[in-house]
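A.B. asks: Residue strings, one per chain:
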Amino acid sequence: MTLKIRLFNHLQVQSDTTRDNATLRPRAQRLLVYLLLHRKNPIPRKTLAFTLWPDMPEIESLGMLRRALSDLRAGLPKDKEWVSAARDKITWNSSTSCWLDINIFEKQLQQADTESLARAVELYTGALLMDMDEEWLSAERERFRQMQFDALRKLTAHHQSVREYSTALEFTRRALLLEPLSELVYQDRMRLQFLAGDRAAALAEYERLQTLLEKEIGVAPMEETRNLMESIARGEAVAKLEAMLLPSLASQVPPKLVGRETEVKKLAELWGEASRSRGNLSIISGEAGIGKSHLTRDLAYYVTQKGGLPLTGHCYEFENALPYQPIVDSLRPVVHIIQTLPLPVIHRAALAHLMPEVFVSEDVGRTLLSSDELRVQLFEALLKSFLLLSQNQPVLLILEDMHWASESVLDWLTFIAPRLTGNRMMVAITYRTEEIDPQHALPRLARRFEKEELVVPIPLQRLSRESNRQWVAHLSGLEQSRANAAADWLFAETAGNPFFLQEIVRGMLETGQIRVEAGQWSGEFIERTKDEMDVPLPDSLRETILARTRRLSELARAFLQAAAVAGRTFQFEIVSRAGGWADEQSLDALEDLSTRGFIREENSAGHFVFIHHLIREAIYANLTTPRKLYWHLHLAQTIRDVYPEEFETIAYHFIAAGEKQLGVDYSQKAAERAEALYAYEDASRHLRVALDLLGEEDHSDTRLALLESLADNYRLVRQGADAMSAYQSALGIIDGKTPRNIIIEARLYRKIYQTVVDMWENASAENFNAVLRVSIDLRPKVNALLTILKKEPPHVETVNLLRVIAVYTINYDIGEKEEFAFQFARTAVEFARRIGSPLILSTALTTLATVFGAFGFIRERLEVSQEALELSRESNFNDPLEQIQLLIAVGSSHAAVGEYEQAMVYFQDAERIAAQSRAISDQIRALSLLHLCLFRLDRWDEMLEIEDVRRVLQETSPVERIGAPCYAIGLSSAVHHWRGNLELSRKLKDESSAIMLSVVGSMENFMRSHYY
Amino acid sequence: METGLSKRETSFTRVTNTDNDLYGMLADVASQRRDLEAIKKFSSLAEDQARQHGHVLHQAIAHRAWGVMHRIQGDYAEAETRLQQALEIFRTLNTRWQMGRTYLELGELSEMLLDSQAARSHYGEALKAFEDMKAVPAVLMVKERLKSLPA
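Just so you know, the sequences run in chain order A and B. Here the first sequence stands for residues 11 to 1022, where the numbers follow the working numbering. Here the second sequence stands for residues 6 to 156, where the numbers follow the working numbering.
Don't take each hint at face value.
Straight-line C-alpha distance at most 27 angstroms; calculated DSS-like pairs for lysine-lysine [said to hold, decoys possible]:
id: 1; chain 1: A; residue 1: Lys999; chain 2: B; residue 2: Lys152
id: 2; chain 1: A; residue 1: Lys801; chain 2: A; residue 2: Lys747
id: 3; chain 1: A; residue 1: Lys997; chain 2: B; residue 2: Lys139
Now the in silico label distances, taken between C-beta atoms and shown as ranges [what the hints assert, rightly or not]:
id: 4; chain 1: A; residue 1: Arg922; chain 2: B; residue 2: Gln37; range: 54 to 64 angstroms
id: 5; chain 1: A; residue 1: Glu870; chain 2: B; residue 2: Arg38; range: 28 to 38 angstroms
id: 6; chain 1: A; residue 1: Gly742; chain 2: B; residue 2: Lys46; range: 29 to 39 angstroms
id: 7; chain 1: B; residue 1: Lys46; chain 2: A; residue 2: Ile752; range: 44 to 54 angstroms
id: 8; chain 1: A; residue 1: Leu1007; chain 2: B; residue 2: Arg38; range: 24 to 34 angstroms
id: 9; chain 1: A; residue 1: Leu1007; chain 2: B; residue 2: Thr86; range: 37 to 47 angstroms
These aren't lab readings, by the way, just hints derived from the structure by calculation. Just so it is clear, CB atoms sit at the ideal spot from N, CA and C, and this is done for glycine as well.
Only chain A is shown next, with the shape it has when bound in the complex (with noise of 0.2 angstroms):
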């Protein structure tokens, strides 16, 4: 039996055979109301007896509430158990047949459609149960009160769009009902009657309005209302407000996408698996204009309607963008939500780096983190701010123009893809395809991950010319087959293009060339094309947008264009201040242009955007180059004058303006400040264009400390092959100087053969020769400068090149290396001694113990790594990180001979200095070889609790760790499988294999390393 339920008006209860109201005694009414409304969970019954009966005591109203739950069960139809009533808590029962009018209306509402919101706003016959006189009422009753509101108004704004001119205003009326006041709604029908060509009727809203608004609270209507009515009363007003009505409507109720069904509904599904936890990333891509950011606005929208939480973040081409700025920027309208988000306090302090005016930095003590764990601590802490706010609402995150997009957001996306699946949280990215070649990232990640399904590409092509007939239609509001001859001599001009389209139709707007009468488009064009004779047309997208610049007044183009040159978003105070203009005058040309459908408003802080990135760079393009260099200088030193710490904006505009010199300074700010983020590929461009505007032929320290840094951050993302060639051509800078700087030359060499020696494990067999062979060029060199550094006093670094170069001769030189490498091994004690620091010395003794366990004196290696390891134990030893290499040294020289118990003991000791130090790769490869010692030792289980721990500090950290960590993980898999815990054990065995090919590439690129 199907009990149906109405709680809009008043309370009414039939089921379907009888059709007679259930009589229920009022207690009775109370709680059903009250289970029906938070129908999704159940209630405490203290909760209840105290919502329902608050004057009662506690008791009384327990005695109350088992009473009316008596009455509730005997008046409802007998079949079914509609209410369950466990000991302490009571629930509506979701599960049985019940029509309920609230729960239809609300998922209409989540529908969306003009269908849907046209069915339950017919559901909403009064205010929820306007007979009932409860307080705990009066929030639900007002909360669907507004969401019938707002239903209505989006139908409103529907019928507007296609010029249901009555049915809209009937819409209104019935808005105006639940809000008699509202301003919003009487704009609305001034609007509508005047587009359905009443112009006196519009007037006459206006002066209702006006007169309601003094009798009921004695003021006038807003302003924007008042210069409605006026430009209505001056009968100006057709084109403006066809031309407003565009992104007026999209704001409300965004018009049916024409010719994009197919991507409609594939976003909305992959919006529906994000909802359900199966988190995804989608690529939309598109020539310009071809209406990317529509169909994302659209998905914001939709997922709004759907209950999600849409974040939007856009990259820019002009301004040098902070690292990782359009994810910043995502999250700043939620910030105040992330504050309160419970973020682990490592995360918090790496969101500090990113908004330090939002979170203080806290104090999270020392951390000796690698540059690989700190990057990846940033990217988590920010992917951790998604997924949290994902838990009270999926997250839509959008990143618009990602061509544009710096290696940090690249690198960040990278870095999210594989994480998505099991969250609630959806991306979708938009690129201009004719802005990247077949190599750029964007393609490489739809390429590596569309395997996986964990990337779908959306691409987007031109309208057809059957789509171009509809969307003409749609927006002249002429029947088809009349719109059809306009349509298609756009779409010979446009070819599909709509934006192009778009902008041909403003300036037609604005030239009068169509005209709008009675929401149908009239005028010249309508008629040349109705007789297939030629219209003066501009033939090219910038030729449109530039003959519209051309009627705006000389002050607002010349505001216009120092906006284009200050990017496609920009500060109001900024363009005004670096033009010189008086507030007033810069305001109306902001007005001008706003009207125009140049720009909008971005946010209250004064932001401004340009409607489309088409239009600033038309106009940018056609700026003659001394007026370019003019505005570039003037924004670049407004800038710094305001915002003195926005070194990659300045350093642009410097550049921009030929300003070689301060270009190069703060480019190398921006790069430094890049580091400090973590975004090494970030500063490498920094100081690439740093070192492009020195030039070559310059040979200055600042240019070697480019250089210098440069190579650093290779290193530091593993391009071992162009570190090297930074390396290179730093030492070309010092070698014809006077006098000769052997030191700087040892530190440059010795980078270089380290960058060797850390590609051993870290690179592809290719990529390792590549740089092995030019490291084998310079030895000669290196030889002899090490000639000359032994002559010397010792210096520090004259004892890390002889270690590197130690290490490298064992594994790469050919010939007599043992000899070789023992020599330079050797050299370096003997000159670790003379300087006297046990720091120095203990990792030149670490180094001979390297080669002796190269060559096989595993003893050897022994005795010399406890030596070492002595010196640690000196007062003014205070290296916690060497130490721990010392006793991981040592612990697995013991391991090395088999002495499984006794390396344990300084493995165990690594751990906890790492734990202490927050060393976590460290802490990790401790622990791993703990566990391999335990493996030996056959004690599974507790190699098995030392798995787990491992595996909680790898999600702290999630950096690939080849070598030790990862063999453990395969030594965990032979364990689950001898304990026959096959499913398992090949997981682990897959994910060991998975970490060795994502850092080594394919098994032919393995090296001997990579095996063991």
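Take the given structure of chain A and dock chain B to it, following the hints.
C.D. replies: Chain B alone, transformed into the frame defined by chain A:
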């Protein structure tokens, strides 16, 4: 692993500690596969290294691998000696999984010698060790072997 050993970026005349571990593992895998050629090759290398560095675990693994080889070749006395030597070391190290696997080999040897009583005793010890290690498949396998022994 063998492919790894053939990679040429190193050209040491001596073996490294990494190779030392690899030889031990390869000898063990060879004995499990009953691959006589591989046992000969890797057990020799593993044993040499183990003796040089006093690596008793690898020594025991090499003993067991030789034991398996001798048993397959019909040299039961040498097989028994090697397996007992392996067992002695594993007992000292208290490595229960290795002990279980060595008892299993001894059980097989006893079966070949038609000594059901000794086989039962060895399998019984293997069973205890595998149960200690919660190695379920090995426990089931040994129980089957015990069942199949003549009363």
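A.B. asks: All the hints need checking, so say for each whether the structure fits it.
C.D. replies: Against the structure, the hints:
| no. | hint | verdict |
| --- | --- | --- |
| 1 | Lys999/A - Lys152/B | violated (34 angstroms) |
| 2 | Lys801/A - Lys747/A | holds (20 angstroms) |
| 3 | Lys997/A - Lys139/B | holds (20 angstroms) |
| 4 | Arg922/A - Gln37/B: 54 to 64 angstroms | violated (37 angstroms) |
| 5 | Glu870/A - Arg38/B: 28 to 38 angstroms | holds (35 angstroms) |
| 6 | Gly742/A - Lys46/B: 29 to 39 angstroms | violated (51 angstroms) |
| 7 | Lys46/B - Ile752/A: 44 to 54 angstroms | holds (50 angstroms) |
| 8 | Leu1007/A - Arg38/B: 24 to 34 angstroms | holds (26 angstroms) |
| 9 | Leu1007/A - Thr86/B: 37 to 47 angstroms | holds (44 angstroms) |
Checked against the numbered hints listed earlier, the structure breaks hints 1, 4, 6; every other hint is satisfied.
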